[in-house]
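Asker: From just these sequences and the hints, can you work out the full model?
The sequence shown begins at 0 in numbering that gives the first Met the number 0 and counts up one residue at a time.
I should point out that these hints are in silico values taken from the structure, not numbers from a laboratory. The structure displayed is predicted, hence computed values, not measured ones. Built from N, CA and C at the ideal position, the CB exists for glycine as well.
Per label pair, the in silico range of CB-to-CB distance: (1) A70 with P16: 32 to 42 Å; (2) V75 with A103: 18 to 28 Å; (3) S15 with F87: 30 to 40 Å; (4) D35 with R68: 10 to 20 Å; (5) P86 with H46: 26 to 36 Å.
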Amino acid sequence: MLVTGTSEEDETQDQSPAPELIRWNFMVYESFSTEDDVVLFAKGVNHRQGYDRPPTELNCVFQIGDGIRTAVTSSVQEVFRCPHPDPFDLDSNSRIGVSLEIIAENIVVPSVAYYTP
0 MLVTGTSEED
10 ETQDQSPAPE
20 LIRWNFMVYE
30 SFSTEDDVVL
40 FAKGVNHRQG
50 YDRPPTELNC
60 VFQIGDGIRT
70 AVTSSVQEVF
80 RCPHPDPFDL
90 DSNSRIGVSL
100 EIIAENIVVP
110 SVAYYTP
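Answerer: Following this line, the structure appears as structure tokens:
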């Protein structure tokens with residue numbers, strides 16, 4: 000027997016939309032810390048050959064509370080640099096996600112990267 004519909008019980012339950020899948024051509028996929036700054040690797044932010052977004056159009060976003068933002072200091076191809084967040088704002092007991100924000104578009108790029116102080 001092939002069932003193609005849903006039962007009335009299924010229809011009356013709260014239906015929440017499925018989360019959006021991450022597109023592998025638009026995401027922050029790695030980060031690491033140096034003594035001086037944080038380096039992020041992202042696809043799809045600088046997507047036109049020969050054109051890199053000016054750093055002033057971007058922020059690094061550290062996913063702590065409502066988000067801690069630091070200015071991007073370098074934007075070249077898939078590599079972005081920004082200063083470390085203030086250590087007093089960090090919760091050392093949790094993993095801290097890190098991403099990029101495109102300021103003018105009010106978009107935070109999806110991310111699978113984590114910040115390590």
